[in-house]
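All chains should be modelled from the sequences, with the hints used to inform the complete structure.
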Amino acid sequence: MDNISTEQFVAILKEAREAKDWTSTFEMIPYFSFLGMRLDTENDRFVSILPGDNKFIGNPVLPALHGGVIGAFLESAAMVHLFATQDVTRVPKIINITVEYLRSAKPIETYAEAIITKPGRRVANLRVEAWQGDRNKPVAAAHANFLVS
Amino acid sequence: MSNAFDINQIQNIIDTGIPHCSEIGIKVHDMDAGGVIFSLPYDARFAGNPMNGILHGGIITTLIDTAAGMCIYTRLQKYLPIATLDLRIDYLKPATPGEEVFAHASCYKITKQIAFTRAIAYHTDPEDPIANSVGTFMLKSSETKPLDRVSGKGGR
Numbered sequence: 001m002d003n004i005s006t007e008q009f010v011a012i013l014k015e016a017r018e019a020k021d022w023t024s025t026f027e028m029i030p031y032f033s034f035l036g037m038r039l040d041t042e043n044d045r046f047v048s049i050l051p052g053d054n055k056f057i058g059n060p061v062l063p064a065l066h067g068g069v070i071g072a073f074l075e076s077a078a079m080v081h082l083f084a085t086q087d088v089t090r091v092p093k094i095i096n097i098t099v100e101y102l103r104s105a106k107p108i109e110t111y112a113e114a115i116i117t118k119p120g121r122r123v124a125n126l127r128v129e130a131w132q133g134d135r136n137k138p139v140a141a142a143h144a145n146f147l148v149s
Numbered sequence: 001m002s003n004a005f006d007i008n009q010i011q012n013i014i015d016t017g018i019p020h021c022s023e024i025g026i027k028v029h030d031m032d033a034g035g036v037i038f039s040l041p042y043d044a045r046f047a048g049n050p051m052n053g054i055l056h057g058g059i060i061t062t063l064i065d066t067a068a069g070m071c072i073y074t075r076l077q078k079y080l081p082i083a084t085l086d087l088r089i090d091y092l093k094p095a096t097p098g099e100e101v102f103a104h105a106s107c108y109k110i111t112k113q114i115a116f117t118r119a120i121a122y123h124t125d126p127e128d129p130i131a132n133s134v135g136t137f138m139l140k141s142s143e144t145k146p147l148d149r150v151s152g153k154g155g156r
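Line by line, the protein sequences give chains A and B.
full-length UniProt numbering numbers the first residue of the first sequence as 1 and each following residue consecutively.
full-length UniProt numbering numbers the first residue of the second sequence as 1 and each following residue consecutively.
It is worth saying that the hints were derived from the structure and are not from the lab.
As the structure is a computational prediction, the values presented were derived from the model and not from experiment.
A hint or two may mislead.
[As the list claims (entries may be wrong)] Per the computed footprint, the stretches of chain B lying under chain A, defined by three or more beta-carbons under 8 Å from a beta-carbon of chain A, are:
#1 20-34
#2 44-50
#3 62-75
#4 87-96
[As the list claims (entries may be wrong)] Quick list of simulated restraints, FRET-style, between CB atoms:
#5 A:R121 with B:M51: 16 to 24 Å
#6 B:Q9 with A:Q86: 44 to 52 Å
#7 B:L76 with A:K14: 30 to 38 Å
#8 B:D86 with A:K137: 33 to 41 Å
#9 A:E18 with B:M51: 15 to 23 Å
#10 A:E18 with B:Q113: 31 to 39 Å
#11 B:G25 with A:G120: 44 to 52 Å
#12 A:K14 with B:I110: 48 to 56 Å
#13 A:D87 with B:H29: 37 to 45 Å
#14 B:Q9 with A:G36: 30 to 38 Å
#15 A:G120 with B:T16: 31 to 39 Å
The beta-carbon is built from N, C-alpha and C at its ideal position, and this holds for glycine as well.
See below:
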């Protein structure tokens, strides 16, 4: 894979924000492509979608999603939220994340929405929740800090 | 204490029984009373930064969650279904693109229901970690009925 330049990265984000089409952003970031992530931008809300896929299973008996995938999805949803709502000029660097696992998550389509608790100049703090069938029954939640400049 | 775990058998469980771990290529290096050492080979599919190929934090989370969960068995010395309750990870420095990442995890306290873990991720030197983490895990996770399913009339 050839690395892209910062200018290309910023241009792709700007284009996505204007067109409200995030396909190129997800294609640009290898791990987002691996997760098969998409973004639903209806009603000016940004809901990240993780498709149901057997390759994400951590416990085949239940079956349940691997906790790591859920943590990764929450971190990714937080990052996408920053892309979509902030004037991002580089990839935000994760400083730390605390993931709370609230329910066992099935290997089905999973959704996540982030809110920015503090949109700092250097550090952004976000709260993210993931759910499956019922928005009011989150399967996991996280707090994350990102270095944004 | 001698190593009570057959690494090949554990690797086989991971490869055949944990689909996501076999998908990303997690390997077991050590598993004894002191904890576990797992590894993840570098793979461009897991890059989070398209400008320099640095791994996404989420894949480090996955390696740490796997190692932290499995290290509980080194304390328990038997199999019980477990589930992650809470996992906190501090990312201390970016992983070097192209380099394999190792995770060392140990379980420092276990109660009847909860296990507490510590883990670090690193390339070659555990003293120069990529990430530091603490986690809590629920034991016997899949046998327990949630409180709202238990009848109020003395049912159990």
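Hints breached by this structure: 7, 8, 10, 11 and 15
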